[in-house]
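K.L.:
Here are the chains, one letter per residue:
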Amino acid sequence: MATKKENKRKKRTGAMRKRFMARLRYLDYFLLIPYLILCGVGVVMVYSASADQLMMNNQSPQLYLNKQMLYVTLSFLLIAVMLSIGWKQINDSAMIGLLMLITYILLFYLVVLKYVHPSSAVNGATGWIALGGFNVQPVEIAKLTLILYLAHVLAKHGHEYSQLKFWGYVKATRKQLVCIALMLAMVLIQPDLGGMAILAFIVLIVWISSGISVRYSVTTLFGTIGIIIGLVFAVIKLKPSFLTSSYKFSRLMSFLHPFQLENKGGAQLVNSYYAINNGSWFGVGLGNSIQKRGYLPEPYTDFILSITTEELGLVGALIILALLFFLIFRIMLIGIRAKSAYRSLICYGVAAWLFVQTLFNVGGMSGILPITGVTLPFISYGGSSMLMLAIALGLVFDVAADEKREQRTPKPVQLKKEEEAHV
Amino acid sequence: MKQPRKKRMMKSKNAHSNRQRTGIAVLAVMVAVFLVFVFRFSYLVVGGSADHVNLTERSKQKYTDDSTILARRGTIYDAIGNPIAEDANAYSIYAVIDKDYVSTTNKPLYVTNKKKVARVLSQYLSLSQKKILAYLNPKNKNAFQVEFGSAGQNLTLDIKNAITAHHLKGIYFTNTPSRLYPNGIFASHLIGQVSSSTKSSGKLVGTMGLEKQYNTVLAGKNGYKKSQVDSYGYKLDNRPSKTVKAKDGSNIYLTIDSRLQSYLESLMSKVNRKYQPASMNAILIDPKTGKILAATQRPTFNAQTQAGLGTVWRDTLVEDAYEPGSVMKVFSLSAAINSGKYHPNDYYQSGSVEIDGTKVNDWDTAGWGTIPISQAFTRSSNVGFVKIEQGMGKATWKEYLKKFGFLKKTNIGLPGEVSGSIQYKQPLDQALTAFGQGVDVSAMQMVQGLTAIGNGGKMMKPQIVSKIVNPNTGKTTTYKPQEVSQPITKKTASKVLSAMEDVVYKSYGTGSVYKIPGYKVAVKTGTAQIANPKGGYLTGDSNYIFSVAGMAPAKNPKYILYITMKQPGNMSEAAEKILSEVFNPMMKRALSSSDDSDATTDSTSEPITSMPSVTGKSVTSVQTTMQKQDLTTTTIGTGNRVVQQLPRAGEQLTSSSHIYLLTNGAMTMPDMKGWSKADVRELGTLTGVKFKFSGSGTVAKQSLAPKSVLNSKETITVTLKE
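Residue numbers (full-length UniProt numbering), protein chains in the order written: chain X, 1 to 423; chain H, 1 to 722.
Hints should not be assumed to be uniformly reliable.
What the hints assert, rightly or not - Here are the simulated DSS-like cross-link-like pairs (lysine-lysine), alpha carbons at most 30 Å apart as the crow flies: (1) 490(H) <-> 558(H); (2) 221(H) <-> 160(H); (3) 60(H) <-> 160(H); (4) 467(H) <-> 247(H); (5) 359(H) <-> 506(H); (6) 359(H) <-> 248(X); (7) 107(H) <-> 67(X); (8) 404(X) <-> 13(H); (9) 60(H) <-> 225(H); (10) 141(H) <-> 248(X); (11) 221(H) <-> 175(X); (12) 13(H) <-> 171(X); (13) 558(H) <-> 88(X); (14) 248(X) <-> 99(H); (15) 359(H) <-> 534(H).
Honestly, the hints are just simulated from the structure, not real lab data.
Sequences and hints are given; from them, build the entire structure.
P.N.:
In structure tokens form, the structure reads like this:
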């Protein structure tokens, strides 16, 4: 019996290795190269931005550099693992159910923790669970879980949704929407408005891409954007009294008038501006940032791009941004070209995830959006986000490899025609 | 079967295309956002501003650490280099009690252990633990920080360092430049005061006396340091920094001799206390050079503690004009002799004379019968001087008044000097001025005029500043004695001097009380009426300005001492006797001090233990020195450095002398059990505290407990018992 089982496992690991090697042949270099460069830039910039502060606190200046390099290494491993497993193994009802359950439990634990043991809150928000040396951020897990979950349920019925009207679609997906709403509510309670907004955006993108009429999807997309902008303007103009005393409102006001409210929450943005301005076209040189020396808080996480702009200049910052967006566009493109609904939704979801984090981070540090405390994908210091993104990217690599392989080994003519017709 | 399959294919095709088109829409949004970012970054970098704020300028401002380097205010020294006014740093202590005051690493920067703080601070501040705790728990719960009243101010660096060594959380100090006047009451109005200016970061600005007059010389020029720093305060490399050193103020050396000055102060204080005049002036001047060796006034104030500062703000030596009375006869006599209109052997009827229907009386209205003019000066006969004035004529007299520097400022270099005035229209007015009524002069003008008599006819400008030394360049500006003019001949001067000698030594002279054994003294007394603001003159026994101007040695004067006393409140002695209590010992001290320096061979006098100058020294070292000599010392205050002493430096000591040391820090009450009344008075002089006595004998009880903080405003009752 034992030997049989062992044999089975051997067979499975052997198959996995074989699968991984096969995948490597179809590796998408348009994804890989920007990803590797961004990780490298991240490691260098985390070191540059953190070394001074660590030394001020009598810690090793390489502490975060070493940790970040460890995270990058783990990321590569995770991508390899995802390529070995393949998306098909994950796109499984039981698997998704289990993932959803774990995510619920972790989030629920945080909610309970908030009321039972409020002092464990970090920066006013309980978002972390310490697990043997690692700080796990359940909201990061939730991002991945929701993409997998939505892609799983929506891909099955895409062809049916295309016939539905908008409200019909809402009705048809009401169970899923309730499940998701519950999860978002738990994140919001923490309180993590930024995290909830990211989740909501990812959900929105995947949800409208299930195959419903493009009329509804586009209307929903721009309608939602329009409503949010309208609401913000209304709040700024009317200053409703039930909101003015809230922390979020003061953040909004300090975003609008950072210099007048420098001592009341505007300081971060003001210092980010100084960093960008110091950098000018080509930067003050790697390692020479002034703003990281105590003026800008969290220079290696939320404001790493400010420090990067200061040290490498507008040119350096735009190259990094271009790489990041190229990666996002590439993932979207793979999704658009993908032949199966599931693959397409995975790509849309991951791209939306990367995009919305970038939007909040870069928008915040450049004064376009209020500061939400979101890290910049691949560049900012931090394990949770990076490892989850690695899993997501692993899936995208796998999807891309499938697409490439199918392109090289032609399949039924109809499908190919269909693809050509729509690209 | 075919139909539904085809239908499903169609549906699937639709779904696929919907998904693709949705994806393209999303991609479009992403591209748009990317372009917005590119635009925004370029805008910030190229425009260099955000929210209409110039980022380059603002950030430079933020990095710039602009600190003022305070210039040291120059020291004022006496003639022999003893400091009279010097710079010192004083510290004030405060405690932060706001619990939100924490470091970036969340370590508390506020007072965490109030009991410990109270215990430690009570050792250094003159406050009880209980009182400190009360300060640390203020009624206003939102208070960010608390201070500790006067006990927490004016702390020395030593005290500050001692407290700092305890590493108390939440205890901080502010540094305020302050001025040390180690001698306390010491020509206080003349030296002046400073106050810290709010305009230029606490720089001291002279508000009175020489401190005010020479403010720009003393103040120097503040420097500054401009550098670019990170938020931890470390200098940024490759960023320009600029340091401009402070230019320290110049040191001023006065003509004042602090030994003579101290002695004069103690004599004046004694007389002032005993006879309680409304005011007094005294100037000791060297007629050969015009150098003022000692000068003071009453009421005065303690420059260190500022006790009494509110009473009189004016430097009455130059700012008050008054009718000088009979001392003026020195000048009318000089004028008459010099103009050849003096006929000493003419006789006149003394007692009274009528001018234009107004009767002018001698001080003895009965007069002395028919006497020669030569006795008019000796007897201080007003009638005689009416004759003398009429003899030389109004124009001659007015001319001499001007020659002697009256009606004109002496320009000694003190703020607010007056030039005086005269009433000279009517013959009566003119006659009155001959004996010092109807003419307003300042004490400084009087001594200036007197130098002409003492200096063989050459009038010397009164001088207070002898040199100014610039510590930055080493440049020394020396002020040489300056002759104003020569109003009279040498012969006239010696005639007047001998007339003044007669005042002391002739049997009918008015100044016999001023005899000093061993020296010949020349004197003129004065008793001036005080103009009534309602018209006419004040009446009553003490409503006069009594004065004496004396020179010694009479043949060739080295010193002129001029003393005035207005309206003594307690005339238990004759006015001349009162003035002699200052004049005689002062003049004697001056003469013997110059004897010492002139002839060191004088070995007959017993060696005198005189009080050394101990100001600025550490309390413990002074105490040990004094104990070795079996002298009793009493320390007042919580500090460790002596800022004032009694007896003053140079005063004689006896084995029973009680030595008081006033230290920096808050003044505290000593235990006075067994002290004599005189001891308590000395303490009052030193601290400015008022004492009320009951009973007689030595101190048995004091209303303020030992070690309590002394407040110069309150009166302390002392019960004496035999």
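K.L.:
Each hint should be assessed against the structure and marked as holding or not.
P.N.:
Quick rundown of the hints versus the structure:
| no. | hint | verdict |
| --- | --- | --- |
| 1 | 490(H) <-> 558(H) | 16 Å, holds |
| 2 | 221(H) <-> 160(H) | 27 Å, holds |
| 3 | 60(H) <-> 160(H) | 35 Å, violated |
| 4 | 467(H) <-> 247(H) | 19 Å, holds |
| 5 | 359(H) <-> 506(H) | 28 Å, holds |
| 6 | 359(H) <-> 248(X) | 96 Å, violated |
| 7 | 107(H) <-> 67(X) | 26 Å, holds |
| 8 | 404(X) <-> 13(H) | 21 Å, holds |
| 9 | 60(H) <-> 225(H) | 15 Å, holds |
| 10 | 141(H) <-> 248(X) | 28 Å, holds |
| 11 | 221(H) <-> 175(X) | 80 Å, violated |
| 12 | 13(H) <-> 171(X) | 23 Å, holds |
| 13 | 558(H) <-> 88(X) | 120 Å, violated |
| 14 | 248(X) <-> 99(H) | 25 Å, holds |
| 15 | 359(H) <-> 534(H) | 20 Å, holds |
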